[in-house]
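K.L.:
Listed below are the residues making up each chain.
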Amino acid sequence: MPADASQSAPLLEARDLSRPPLGPVSLTLGAGRCLAVTGPSGAGKSLLLRALADLDPAEGTVLFQGTERRTLPAPEWRRRVCYVAADSGWWAETVAEHMPADKAAWRPLMQAVGLSDAADWPVSRLSSGERQRLSVVRALARRPAVLLLDEPTANLDAEAAATVEALIRHALDDGTGIILTSHDPAQVDRLADHRLRLRAGHMEPAP
Amino acid sequence: MIETAEPLSWLDLAWSAALILLAGGLSVVWNLGIHRRLLIAAARATVQLLLLALVLEALFATASPWLTAAAAAVMLGFAGREIFGRQDRRLAGGWGYGVGGAAITVAASVVTLFALTTSVRPDPWYDARYAIPLLGMILGNVMTGIAVGLNTLTAACARETAAIEAQLALGATRWEALNAPIRHALRTGLIGIVNSMAAAGIVFIPGMMTGQILAGQSPEQAARYQLLILFLIAGATAIGAVMAVLLAAARLTDDRHRLRLDRLRGTK
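From first to last, the protein sequence lines are chains A and B. Note that the first sequence covers residues 1 to 207 in the UniProt record's numbering. Note that the second sequence covers residues 1 to 268 in the UniProt record's numbering.
If we strip away everything but chain A, and leave its shape as in the complex, we get:
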C-alpha cells in the first residue's frame, strides 16, 4: 500500500460485511462525519456495529484509514473503532475505576453530561440513564477515532439526551467519526450526515 494511502482513504470503510442474518453491508465514514443506521427492531443494527468493532466473527472487509482490521491486533482495532452497547456492562465497583488513568480526559466529559460528582459513586447506585451517559463518557475518554453508538439515548429523558447529543456533536467537531443507531427520526435529523437503513439484515435505500 502506498505510504500516503491512509491520508486519502476514508476513516472507516466496510465492504460486503456479513454475519448471518446481517448483510452484506457496505459503508464508508469520513472523519468528523455521522452515519445513522436506522430500521425496525431486529433489523441487524446492533449486529452491524458489533461486526464493525470485530466483536463477532464476520465475513467481508473492514478498513480503518486503509488498514484491514485483521492486520491489526483486535484490542488495538477496538481502541480505534470503539463500540458502546445500548446496555453497556460495568466490571468494577466505582465509576472512576472504569475511566482511564488521566482524569483530565474524562472529568470535563462527566461535567458535560451533568454527572460531575459521580466519579466515586458505586456503579450499583447508578440509574439506567446515568449508566448510559457514563458509558458514552467512558468510551469518549479513550479518544477513539471511530465511535459506534448503539441507541445512545434510548434510556434518557429529553434533557439528559440533549447532553449526550452535545457530547456527540463535540466529538464530531474534534474529527471523530460516529456511527449510531437510533429509533428517533428527529435525533437522526439533528445529528446524521448520512443514513443507512436496514431491514431484515439488508441495506435499503433511506427514505
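The set of hints was computed from the structure by calculation and includes no laboratory data. What you are looking at is a predicted structure, and each value in this text was computed from that prediction instead of being measured. Warning: the hint list may mix true and false statements.
[Unchecked claim] Cβ pair distances, simulated, as ranges: (1) A:P73 - B:T118: 14 to 22 Å; (2) B:A92 - A:A145: 31 to 39 Å; (3) A:A101 - B:T161: 24 to 32 Å.
C-beta atoms are modelled at their ideal positions from N, C-alpha and C, and glycine is treated no differently.
Put chain B on the given structure of chain A with help from the hints.
P.N.:
Structure of chain B alone, referenced to chain A:
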C-alpha cells in the same frame, strides 16, 4: 506394637447399612424425593468398591507396570467423564470432555509420579499397591476442584457477558477482560482443599487417617500419611484447576479477543 483391626464381617457391615435405610426413611417422611437415589447410590458404592477390591487384588498379585498404567488410564478416563458430567454449561464438541480430562490427567499424573519418586519411594517405584491408591485419593479431590472451577468460570462468563464485552469493546485483551471470572473460578476451585486442610484434625479426622488407624497404623504415622495426601491434593488441585480454567477461558474466547459463548452448550 499396635494390633491390626479385626476383619469386618458382612454382618458388621449390615449394621452400618441400616443407617442408609434410616436416611432413606427420613427422605420419605419429609418428602425429599431422594430416597431412591440414596439407595441406588449406596448400592453403586457397594458394587463399585467390592469390584475395585477384586481388581486391586489382581493388580497387586501380577505386579505388572503395564497393568498398573492401564488401571490408571481407566481411572483418569472416568475422572474426566465425571468432570464432564458435573458441568452445568459445557464447551461444545470434544472440548467439553477434553479440557477437564486433559487437566486432570496432567495434574494427577505429575503429582502421583512426584510423590512416588520423592516422598513414598516404593520398590519398584510403580508398585500398584502405592501408585493406584495414591492416584485414587488425588483424583477424587482434584476432580471436584476442576469441576467447580470450570462451572464457576462458565457461569461467570454467562452472567457477566455485558461487563466482559464492555472491556473488550474498549480495547482490553481477552485475558484482561476475563481476569475477574478466571480468578473467581480458581479461588472457588481451590477453596475446598484449603478448607479441608484448615479443618483437618480439629473438625474432622480425615478418611484416610481414620482408615489407617483402624487398620492398626500408629496415629502419628497415620497423621504423616494424611498430611502427605493433603499436600499432594492441594498441589494437584492447583495445577489441575489452573490448567482447566485457562484452557476453558482460551476456548471461550478466540484469537480476535472475542467472547465466544456460542461455544457453550446449554444447561443441565
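K.L.:
Are there hints from earlier that the structure breaks, and if so, what are their numbers?
P.N.:
1
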